[in-house]
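J.: Dock chain one against chain two, each of which comes alone in its own frame, and use the hints as you go.
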Amino acid sequence: MGEVKLLQGNEACVFGALAAGVRFFAGYPITPSTEIANIFARELPKIGGKFMQMEDEIASIGAVIGASCTGMKAITATSGPGFSLMQENIGFAAEAEIPCVIINVMRFGPSTGLPTHPSQADFMQSRWGTHGDHPVIVIAPYTAREAYRETGRAVNFSEKYRVPVIILMDEILGHLRERVEFKEEDIVKEVNRKGPEAGVPFFPYEHTDDWIPPFANFGSGYRCHITGLIHDRTGFPTNNPEIVDQVMRRMNGKIDKHIDEICRISTVDVEDAEIVIVAFGSVARSAAEVVRIMRSMGKKIGLIRPVTLWPFPDREIKKAAEGKKAIIVPEMNLGQMVREVIRTIEGETPVHPLNRIDGELITPRDIIDFIEEME
Amino acid sequence: MSIVENFDLYAPRLIDKEEYFSAGHRACQGCGEALAIRLMCKALGKDTVVVNATGCMEVISTMYPTTAWNLPWIHVAFPNAAAVAAGVEAGLKVMRRKGRIPDRDVKTVAIGGDGGTFDIGFQALSGTMERGHDVLYVCFDNEAYMNTGIQRSGATPFGASTTTAPAGVASSGKGQWKKNITEIMVAHNVPYVATACHSYPIDFMNKVKKARSIKGPSFIHCLSVCPTGWRVPSAHAIKMGRLAVETGIFPLYEVEEGKYRMTYRPERIRPVEDYIKGQGRFRHLSPDELTAIQKRITLEYNKLLDKVDNLHSWGELQD
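Chains as they are written, first to last, in this note's numbering: chain H, -1 to 373; chain P, 750 to 1068.
Chain P extracted, bound-state conformation (with noise of 0.2 Å):
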């Protein structure tokens, strides 16, 4: 009885009824970066230009003769979101100023891949964070080059199986550790960064709301699940992403002006086995092996806890 009382404060409720990122496209079945971007969208508004660096998600929502945006679009190559958005963000700051365009506040936001973000595109994303462009970069991570038929990259984790780090009886898959593109981002001191998933769709649409409405360089860290490349059913999207959650594996927090605080913190922190299990591209992994993530993760999780419970903000170091 209580929960139908209340049912007008549901938060899903408040999400804008209006689809910027419709449905129809191609993307494959259970895709959580789609969705992700769905919600993303919903939490910009329209008032926004959206720069698409190469990857699945320019492929799958621009089919012939369709497309599935409905705002201003533009898909630029591989390395170059992060540039063109400084151009675009900068472009229409001057056209405003000279009042050739109304006066209203839109937003340039930033889309790419863990490719088009952790590799390729890494220097332009550098670059425009550094020179402070009013932009938001949302980094889609699905932790390998879905769109050419999985191949690793600098955001796949260590023992996942790709088609470049093949798993097999002389390798065990990728053996390098995922680079920690939030803290790097962190490193350039911008206003703000936060890390989110799909499978917690309020979190992630706030942080969207609040990256839209700070004045500066934002960026967000979204894992995405991607059944087809990490080996899971489709059905699984949602679980997958909450259990990268629940393990510490993904954990979700933000960093406002250099203070850390976690927006989701899980009472128990699971087992990394929970998570890894159910993917076929970890199926390979010894015991050992399993035994030395688990060691890494709870390293990385404290680590953030540390920053979490002793970083100040910098308004309160200035005092």
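If we strip away everything but chain H, and leave its shape as in the complex, we get (with noise of 0.2 Å):
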């Protein structure tokens, strides 16, 4: 620790994951998030991993699936057209409850869009992509070394928790290189899924008492049977109207089980703020800069940035955000995660939405100028 390197967002996103033991990577070319593919091909076969590029998104995330059952570590990366065809399978994934991690990082949409340029217009289609009610963990990391360690607490995450987790990054933070000076807190320790106890009935989708049933990977003796229609505790079919309501509320229940340790903001100046601003990846980068002129100026200005999106932190917003006399919401999108602020703090203080959807970061001139223009 101490070490200190030049390191470019998606590159922090290989060694993060490397870290948290990832071994597998499958994808598909796609700016901004090629790096990703062409860091892994490079160190994967170093270390006894594997890299498989695939023919297109859809079979990317079917065979970090595929790997995933064998007990391997997998991820892919991608960007909006490929995370958008992989919605089938992350549903898949969700349903299944099989561990895996999928990098979006956004560039501008819809369809081909601005393939070169930022966006956060994948803050909902990260949650709700898929369709069917469904578990779903997302992190939006804001700097290189945090892409980094989150990248390793997504590893974690989807291996503890038997789900699919994204790690949601734009094309700035994805393309920016930037000093990372590693500390204490940067180190990512391997967690691994919990496997059938011996002497013990194994049953693959068991209501336990952390919502989490054990993992049998495939070759490890124990029967698996895997599929994507509603199972009941043994894995297969069932369409028991009792059964049917339990899964579903354990399937997706589990999360909010542990939501305490899954959820995670970061707070800049909050405590005396008047006005704060909430954002999550590169804009935030913008918002601290916000935060740091305008407090020079006197001006009590505070941030507020949720590294775990999904679920959001309800809890952690509404109380930093209490007794504050403004909320800025700003997003590259039209309008995404301002919804989940104004449902979090219901009404206390006032929420204002600052948008820019011209392919363009907001910069903390825009959120400067919108604060001045507001009071």
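By construction, these hints were calculated from the structure, which means they are not laboratory data. Heads up, some of the hints might be wrong.
Claimed, not checked - As a list, the in silico BS3-like pairs of lysine-lysine whose alpha-carbon atoms are at most 30 Å apart:
# : chain 1 : residue 1 : chain 2 : residue 2
1 : P       : K1026     : H       : K44
2 : H       : K44       : H       : K192
3 : P       : K928      : H       : K48
4 : H       : K298      : H       : K317
5 : H       : K44       : P       : K928
6 : H       : K252      : H       : K192
7 : H       : K3        : H       : K181
8 : P       : K1044     : H       : K48
9 : P       : K1056     : P       : K959
In this text, all values refer to a predicted model and were calculated from it rather than measured experimentally.
T.: Right, here's the structure in full:
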């Protein structure tokens, strides 16, 4: 530790994943995430891992699911169009409770959009992209250092909670290079999925105390029956309404049950602030700068930055926003996270969206102008 | 003297003077693919709708605020060119039948690179061929994902170094052989399938014209030299295309209703080394690997000659 490196955001994701024990990558080239594939292609063979380039993004997430079933820690990376193609399989992984991690380096959409420009318009898609009620965790880093640490955390969450975890980056964060000084808290500790206990009857979808059933890897000697059909604790399909209800509530509820560990926000000067900015990803970098500038001018501005985007950190944000004069939510989209913020604080404080959808970053100037105009 | 006398018959004189894919686009210097598209458009003429999958050609031809296309043109997401072309063809057919549009023979042409054809667009391509749409699909194969920075594809040849199949101490570049897309298309029992290369412009344009005249699905696999991705000087684009053909690596042939025909048969097949040695992407190959490639290419070439000599057309087989 104390190690200093010059890292690109995309590169940091790779090393964070490797530190968490990822040894399998399947992917497909797409701007602005291609560097992740390129670096995995270079690094994985050196440590006995496997890199596979697939024929499209459907196959990429498919291979990741397959590899994960054998017990490998598997990851893929993509951007908007590819992320859209992955949605069906993300639903499968959520339903069959197969650990996997998807890095989505957001680019401007819809469709091909502006492939080399940043966006935050996949905020809702990352949570609700696939059909049906399903669990998913979404994490948004804002620096290369955090990209390293949070990718590691994402891999660990996927293993621990048997759930797809999405890292939501954006083009700016993916491509910027910055000085990263690793500290004690950046150490990524490996977490492994829970396996069957010897001598105890094994049910692959058992309703355990922690709501996370043990996972038997292919080839481990246990009978594996994995399906996208709704299944009972044995893994076999059922349409018994009572069981379906139980299974759906456990599968979706397992995230809420562990919400304290999963949810994370970061705050800057929020305590005495009158106006608070809520921002994530690269926009939070601009927001942090605004806090620095405006504080030096004697203005009481603070920043709340959700690191875990989904489940949305309701409680943390509600508490931090209590008693403030106004909340500003700058986003590179037409207003997605702002809906969650409004829902969370339930009309206690006025919430102002600040949106930019021209393919450019929301700058500190944009936010300062907005605040001054508002006052 | 005699050459000058016969100059009126010189084939390039017969080519359409109109530019449907105009100059000023942003392709790299020496881009074989841009040249091939220009030739293709001249062979197709103005009654053409072009459906373009994501790839280099979409990017370089439509830089804001300009376009190189003087034809109706639609760019669609990476996997979908063949499927959208199927819809365009079916839609035009219905509108023509109803008399909503002039009664003209408009050809729907889908184009894609090797990634958009061999890999991500393969399912849609297969479906369009199977349903029998009157669509010409031209694959411009530069043997990797050049647009995103040289990643391997199903069309990348054995031994080529790419960013996702890098050559180094432990690896010799791509470890798999190139997918034979032409044969896969032949297996769809479509009326016309051909290979072509921009280095043989008249041959290529004749094939496009033939495919255009055929009612039903047709497929042309056009090898397109990419100096940037192949690591060759841009002045060598035409030469590399010729060497691919003369070494037997990329033979020029067509399959018309089941009948194979070589459209250009080199008198003497050159060793594959002649083609490989000038390219940076193959620079790391060992003599053993070169021998393995030569062996495989000879086998594939002989398999093709065997088909040319022995296979009959569907018409002949019916009697």
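J.: For this structure, which hints from the list above don't hold up?
T.: none
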